[in-house]
Amino acid sequence: MLKKDKIAQLLTQKSSLLLSIGAGILLIAGGIGIYIALLSRRPVGEGPLGANVIPQDALMTISVTTNTAQWEQLRKFGTPESQKAFDRFISDVRDRVLTVNGYGYQQDIQPWIGPETTIAFLPNTTPTNSPSSPPTQQSVVMVLPIANPLKAKEILGQPRPLTKGKMVERNYKGISITETEGVPNQNYSVAVLGTEYLLVTNNPKATENAIDTYKGGNSILKTPGYLEALEQIKNSGSFAKIYVNIPLATVFTSNNSARPITEPNLEKLQQIQGLATNVNLEYDGMAFKSISWYKPDSEKKQAMENNAKTMTTILPNNTIMMMSGGNFKRLWQSYTEGANTNPLAPIKPEELRLNIKNSTGMDWDKDFVNWMEGEFALGVIPAQPGAKTTFGSGLLFLVQTRDRNNADKTLKQLDESMKTKQFKVESKQIKGVPVMQWTSQFGSINVTRGWLNNNIAFISLGAPIVESILPKPQSALLTGELFQKTVPLIKENNGHFFIDVNNTFNPKTLSLPELPEPQKVWVDAIQSIGVTTAVTSDRTTRYDMLVRFNKTIPNRPSISPTPSPNSSSSSTPSPQEKKSP
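Remember, the working numbering sits 1 above the position in the sequence shown when you count from 1.
Please note: incorrect hints may appear among the correct ones.
[What the hints assert, rightly or not] Listed below are the simulated BS3-like cross-link pairs for lysine-lysine, each with C-alpha atoms no more than 30 Å apart in a straight line:
(1) Lys235 with Lys432
(2) Lys235 with Lys302
(3) Lys330 with Lys389
(4) Lys77 with Lys509
(5) Lys235 with Lys492
(6) Lys420 with Lys330
(7) Lys367 with Lys389
(8) Lys165 with Lys152
(9) Lys223 with Lys174
(10) Lys290 with Lys492
(11) Lys216 with Lys174
(12) Lys492 with Lys473
(13) Lys330 with Lys410
(14) Lys552 with Lys486
(15) Lys389 with Lys302
(16) Lys85 with Lys486
(17) Lys420 with Lys432
(18) Lys473 with Lys509
(19) Lys349 with Lys269
(20) Lys420 with Lys410
(21) Lys290 with Lys85
(22) Lys167 with Lys235
(23) Lys296 with Lys223
(24) Lys290 with Lys302
(25) Lys302 with Lys269
(26) Lys216 with Lys235
(27) Lys410 with Lys432
(28) Lys358 with Lys432
(29) Lys413 with Lys425
(30) Lys473 with Lys425
(31) Lys492 with Lys509
(32) Lys296 with Lys492
(33) Lys521 with Lys85
(34) Lys420 with Lys389
[Unchecked claim] Using C-beta positions, here's what the derived DEER-type ranges look like:
(35) Ser512 with Gln159: 30 to 36 Å
(36) Lys77 with Lys301: 39 to 45 Å
(37) Glu352 with Asp96: 23 to 29 Å
(38) Leu355 with Ser441: 34 to 40 Å
(39) Lys410 with Pro519: 46 to 52 Å
(40) Lys216 with Gly238: 30 to 36 Å
Derived from the structure by calculation, the hints contain no laboratory data. In this text, a Cβ means the ideal position worked out from N, Cα and C, and glycines have one as well.
Please model the entire structure based on the sequences and the hints provided.
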């Protein structure tokens, strides 16, 4: 791809002087690795390798390890079907990026590449674009750190014949760029930045932007709060690091949506500066540590509340899906800010309000949300064995209140409203706890509501499941083995999300639509997912997530040969070295 004499010239400029002065000492000490480290200029701070080449206006960056052992560990997760699909995906990427250009990863890239590579997605820029209306297309930039400049010079200096088109060269600010010409939809640009990075893009303008950044322009490292956020979630031996520029990504999403967000609402949605994630491989899954933070000039602040302590002790151990939080009223108020115009919002507040009004004649915010100022949980619980019901599971909503009188008044008004809708409303006792039950005219809908601990209202829909929590669960979700293995522990937290994927997608439990085969392969590979959130300051929020896989050891060839020397230094143990939890 690159001419031998050009690469030799570029890589030798910095290396020749150091080599001539220190060769004797380095060889005596066996310090070739030290020599390579001296040549490699790491970016300031603890950002990913290559972060100082990524322009600050990147929509998103993904840095992934080149540690072969970690990739082999990842291949062992999931079902045989998902493992084959993963191998096909890796092969497809390899063929499109390397094989088509006459390169192979093991023989041409692995001998010189650094411990991780970074991919960035940039908005395309043209003279017609205005700052308030960014384009709807994006460019891809790949930064491959060079750990062994001499090996890179040796390998990349060998030209590869192209089956189509030709290679042309140009110079930008003293850096030689090699580009494809005459190949439809393959506008690759390649440049070597000093002895530190190999830069590959699919857009000549993106190449120039990256070179400008490398030469001192603003990189993602200059993003307010970026390095501080990474410091809070740093972990040794990471498999991947992800960063999302929330303001620019929101605009990009809006411009590609059938319902673009208006400028005033965009401003409301852009209070958050970024979301950073650190991904580590565990024995049986992938652990994600994430943090989001507001812009320095943002007027928005959040309450320092981490009050989610009770709901996991009330939900039963067989709960297959749940979401909890510390303050429902505050969550709802935060969610409604801009949700009506956000194309990604799963629930439109105005639609919910209208449906509540039409079905009950009551006001959602004034009559209900007003007194829901405490902890809450929404859970899906399987029907008890032998239960007389057509439903495989029931939906349970729990919410704590500080105003029991107002809540009682509202719920009694709701009972009366249900009577006007031809529901049979009657009071009963279940395990000594008084409840109200609503039954539709033909018995197809059953609702049960009541109180726990005098200040926690509950309401269930579907299968009769309230017996599992009255007067308290025989075995609580918090003590469940799967929950404990899946949901990350943050002592002071603001809520959880948990899903037992195996049972949730079981037709006997939930009548969910059949997934298309490509999606079903990946869902079948996952056993469970757990998330814990915590407010760490008035401007930052922490999200820890674990995805646990159904794990089988594949009996198939490796996608890579023996790991390269840099992979052996990783602090992440292999599956054989780590003990099963």
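Quick rundown of the hints versus the structure:
Pair hint Lys235 plus Lys432 does not hold up; C-alpha atoms about 49 Å apart against a cutoff of 30 Å. The suggested pairing of Lys235 with Lys302 holds, with an alpha-carbon distance near 24 Å, which does not exceed 30 Å. Distance restraint check for Lys330 and Lys389: the Cα-Cα separation of roughly 35 Å exceeds the 30 Å cut-off, and the hinted pair is therefore not satisfied. Annotation: proposed proximity of Lys77 to Lys509 holds, straight-line Cα distance about 29 Å (limit 30 Å).
Under the criterion of a C-alpha separation no larger than 30 Å, the hint pairing Lys235 with Lys492 is consistent with the structure, at around 19 Å. Between the alpha carbons of Lys420 and Lys330 the distance comes to roughly 28 Å, so the proposed pair stays at or under 30 Å and holds. A hinted pair counts as satisfied when its Cα atoms are at most 30 Å apart, and Lys367 with Lys389 does not qualify at roughly 37 Å. At most 30 Å may separate the alpha-carbon atoms for a hinted pair to count; Lys165 and Lys152 meet this at roughly 28 Å.
Of the supplied pair hints, the one linking Lys223 and Lys174 holds, its CA atoms being roughly 22 Å apart against a limit of 30 Å. Using a Cα cut-off of 30 Å, the hinted pair Lys290 and Lys492 holds, with the two alpha carbons roughly 15 Å apart. Taking the CA atoms of Lys216 and Lys174, the gap is near 9 Å; set against the 30 Å cutoff, the hint holds. A distance of roughly 23 Å separates the Cα atoms of Lys492 and Lys473; the hinted pair therefore holds under the 30 Å criterion.
Simply put, Lys330 and Lys410 have alpha-carbon atoms about 18 Å apart, close enough for the 30 Å limit, and the pair holds. As the CA atoms of Lys552 and Lys486 are separated by approximately 14 Å, the hinted pair is consistent with the 30 Å bound. Pair hint Lys389 plus Lys302 does not hold up; C-alpha atoms about 49 Å apart against a cutoff of 30 Å. Annotation: proposed proximity of Lys85 to Lys486 holds, straight-line Cα distance about 26 Å (limit 30 Å).
Between Lys420 and Lys432, the direct Cα distance comes to roughly 25 Å. Compliance with the 30 Å bound is thereby established for this hinted pair. Distance check on the hinted pair: Lys473 and Lys509 sit about 26 Å apart at the alpha-carbon level, within 30 Å; holds. Straight-line distance between C-alpha atoms of Lys349 and Lys269 comes to about 16 Å, which keeps the hinted pair within the 30 Å bound. This hinted pair checks out: Lys420 and Lys410 have alpha carbons roughly 16 Å apart, not beyond 30 Å.
Taking the CA atoms of Lys290 and Lys85, the gap is near 28 Å; set against the 30 Å cutoff, the hint holds. A threshold of 30 Å between alpha carbons decides the hint, and for Lys167 with Lys235 the separation of about 43 Å lies outside it, so the pair is violated. With a C-alpha separation of about 13 Å, the suggested pair Lys296 and Lys223 falls inside the 30 Å cut-off, and the hint holds. For the hint linking Lys290 to Lys302, the alpha-carbon distance of about 22 Å falls within 30 Å, and the restraint holds.
Note on Lys302 and Lys269: the hinted pairing holds, with a Cα-Cα distance of about 13 Å set against a maximum of 30 Å. Restraint check for Lys216 and Lys235: satisfied, since their Cα atoms lie roughly 27 Å apart, inside the 30 Å limit. Annotation: proposed proximity of Lys410 to Lys432 holds, straight-line Cα distance about 24 Å (limit 30 Å). Pair hint Lys358 plus Lys432 does not hold up; C-alpha atoms about 33 Å apart against a cutoff of 30 Å.
For the suggested pair Lys413 and Lys425, the alpha carbons sit about 14 Å apart, so the restraint of at most 30 Å is met. About 27 Å separates the Cα atoms of Lys473 and Lys425, which keeps this hinted pair within 30 Å; it holds. For the suggested pair Lys492 and Lys509, the alpha carbons sit about 35 Å apart, so the restraint of at most 30 Å is broken. Using a Cα cut-off of 30 Å, the hinted pair Lys296 and Lys492 holds, with the two alpha carbons roughly 27 Å apart.
At most 30 Å may separate the alpha-carbon atoms for a hinted pair to count; Lys521 and Lys85 meet this at roughly 14 Å. Distance check on the hinted pair: Lys420 and Lys389 sit about 24 Å apart at the alpha-carbon level, within 30 Å; holds. Between Ser512 and Gln159 the CB atoms are about 59 Å apart, so this pair departs from the stated range of 30 to 36 Å. One distance hint, 39 to 45 Å for the beta-carbon pair Lys77 and Lys301, holds here, with the actual separation near 43 Å.
The given range of 23 to 29 Å is broken by Glu352 and Asp96, whose C-beta atoms sit roughly 45 Å from each other. For Leu355 and Ser441, the hinted distance range of 34 to 40 Å is not satisfied, since their beta carbons lie about 22 Å from each other. For the hinted restraint 46 to 52 Å between Lys410 and Pro519, the CB-CB distance of approximately 51 Å keeps it satisfied. For Lys216 and Gly238, the hinted distance range of 30 to 36 Å is satisfied, since their beta carbons lie about 32 Å from each other.
When each numbered hint is compared with the structure, violations occur for hints 1, 3, 7, 15, 22, 28, 31, 35, 37 and 38.
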